[in-house]
Amino acid sequence: MDEIFGIPAPLLFGQLLLGLINGAFYAMLSLGLAVIFGLLNIINFTHGAQFMMGAFAAWMLLNWVGLNYWVALILVPIIIGATGVLMEWLMIRRLYKLDHLYGLLLTFGIGLIVEGLFRNEFGSSGLPYQIPPQLSGAWDLGFMFLPVYRGWVVAFALVICLATWIVIEKTRLGAYLRAATENASLVQAFGINVPRMVTLTYGAGVGLAALAGVLAAPIYSVNPQMGSNLIIVVFAVVVIGGMGSILGSVITGFGLGVVEGLTKVFWPEASATVIFVIMAIVLLARPAGLFGRA
Amino acid sequence: MTTTRRGLLATGAAAAMLPVPLSRARAQANTIRIGVMNDQSGPYRDIAGPNGVIMAQIAAQEFGNRGFTVEVIGADHQNRPDVGVNLARQWYDQGVDMILDVPTSSVGLAVNNVAREKNKAYINVGAATSDLTGPQCSPNTAHWVYDTYMLAKSTGGAMVRAGGDSWFFITADYAFGHALERDTGNFVRAAGGRVMGQVRYPFPATSDFSSFILQAQASRAKVIGLANAGADTINSIKQIAEFGLTRRGGVKIAALLMFIADVHGLGLETGQGLVMTESFYWDLNDRSRAFSRRVQPRLNNRHMPNMVTAGNYSATLHYLKAVADMGVPASKASGIEVLNRMKAMPIEDEAFGRGTLRQDGRVLIPSYLFEVKSPGESSGPWDYMKLLQTTPAEEAFRPLAEGNCPLVRS
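Residue numbers (UniProt numbering), protein chains in the order written: chain U, 1 to 294; chain A, 1 to 410.
To be clear, the hints were calculated from the coordinates, so they are not data collected in a lab. Quick reminder that beta carbons are idealized off the backbone N, C-alpha and C, glycines included. Treat the hints loosely; a few may be bogus.
[What the hints assert, rightly or not] Partner residues aside, some chain U positions facing chain A, computed with beta carbon under 8 Å:
#, residue
1, G14
2, I79
3, T83
4, Q134
5, Y149
6, G191
Using the sequences plus the hints, can you model the full thing?
Next up, the structure:
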């Protein structure tokens, strides 16, 4: 059997693919963060809790209302996005004129409260959520069995990332958004309702987190801590990619997923640390991040 | 960043929980104070957590007032040894007489040293490492309901007998995972089996196990031994099923430490057929059923008691009996004397029936091997397990002479 660095080649290909799949989650989560930071200048520390809410909302729709995974995929981002809109409208908008730190503290605090409420209600050991029957099973790729669901996650995440990028970079709405980021009062002078646009952008970012939560529910334990485990890594991804850079966060998300996946083979004990080591190196060499503008 | 976040919580929790009950309590010399320390906010919360505190309170209430009052307080150690040690020092210095529970082996071992240094009583219920009654045994410490040796012998032994003679371990990279991997590996090898490899992943920062599952698959082992617990175990089992190893590959999963709350979180659809070992199950016999139905309404999320929460009940009761026997001043003076008295008395309670506390601090009770029911076999929530096999108390745990406990040699 062919070996690369002492690891059988098929195993290595499998690990690369798994890295891409995990990268898909990082990319989707960091995308939402980047969109929010780009326009609102808010570091949204509630993102992990909103990801978790997405997974729980999918469970609730299934068990309380009887709506399946596919419906959840559409409804959950809207419902959780709406809670984001409410949160922006009630609280976050009061902080735009203040330092970044205030937004960070507020969203961090809300995240802790939400996590605590879910923990009180559902406990910490999680809830069962099955893979939808249409996506169960696995493909034999020769070098590994790829569960159909994982393939779906990568494909779906890529489509979502691409769609978000197109909306922001290629459409009129995106042009307004980008213009408002540069100079909000000027855009408002042209008759565009900037505050409403900002509110909806926050809602959309939150919706992306919730969508990732629905995607995660069948493969990860649906529990109140699921977001806080992931979100620290995702922040590192955003920092490495460059705060606010859409394309940067997507590419970095997939790339770091692969790096982490390889670490899990060569030095598993360090797999939780490797991303932060990269973050430190990138910050020293390029403080604005790989794709950020200083 | 994790540290900062947890650190904030630590300070908040310590500030909020400690001063009030203790300052009030200090005024009463005739009060026995029990501090239940466990994970109140992380992955092991449902194993003990708030319910662990409640079960100790129930035991104290049922014990009643026999010439002294009992106060039970609780706090969150966040699975961090440094937090646990600070809390333990603070508690013992401020008049807590016995520290109870302390799951997460790294924290459990750290608190063990504090109790010994201050000559106080320490009853560990939630931690798994068999080192607590092995090389690190202490005259101040009892280890109540289970340990890695007992799990390894029951679950590991059963898997090897069923033909699972080659193993690959997916191990949480800290004291608990290492001990469980070691003890199980010993049984596998002793039975003529082989350990094909292991992967140690960072705890608690891992939620995706697919990479390790692929490595396990590449090793061609017949059994994947999960030397982890809580949400990690649930994630591992879900993802092993997703990759089709159990269905198509014929690989067996040995979930070496699993609690009924984990089965609840996993669901019977994915969990059915798993074998697991516990020393308590609510539906084991009339006694355990009556006990569980009585306490369940008082527990959070209406959980059924598991072996750890039931263990907190049992340990509190036995400790208080010893205190009543010796008197409060003598109990407060020496943790070693309380433990000696506890060792001299037979354990008897509704949850576990009869048991004994051995010289090295090990409680001897039977262990039970269960299989998780299929959805069709279950009549509803918490009806999850059927009994496969009982190991009697005297065989369930590591023989006294093999533990390398210094107390035994002297």
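The hints, checked one at a time:
Hint status for G14 of chain U relative to chain A: holds, with the closest Cβ pair at about 5 Å, below 8 Å. A cut of 8 Å between beta carbons decides the hint on I79 of chain U: the least distance to chain A is about 23 Å, and the hint is violated. Residue-level restraint check for T83 of chain U is violated (minimum Cβ-Cβ distance to chain A is 22 Å; threshold 8 Å). The beta carbon of Q134 of chain U is not positioned within 8 Å of any beta carbon in chain A (closest approach about 15 Å), and the interface hint is therefore violated.
Residue-level restraint check for Y149 of chain U holds (minimum Cβ-Cβ distance to chain A is 7 Å; threshold 8 Å). A distance limit of 8 Å between C-beta atoms decides the matter here; for G191 of chain U the minimum to chain A is near 42 Å, and the interface restraint is violated.
Hints 2, 3, 4, 6 from the earlier list are contradicted by this structure; the remaining hints agree with it.
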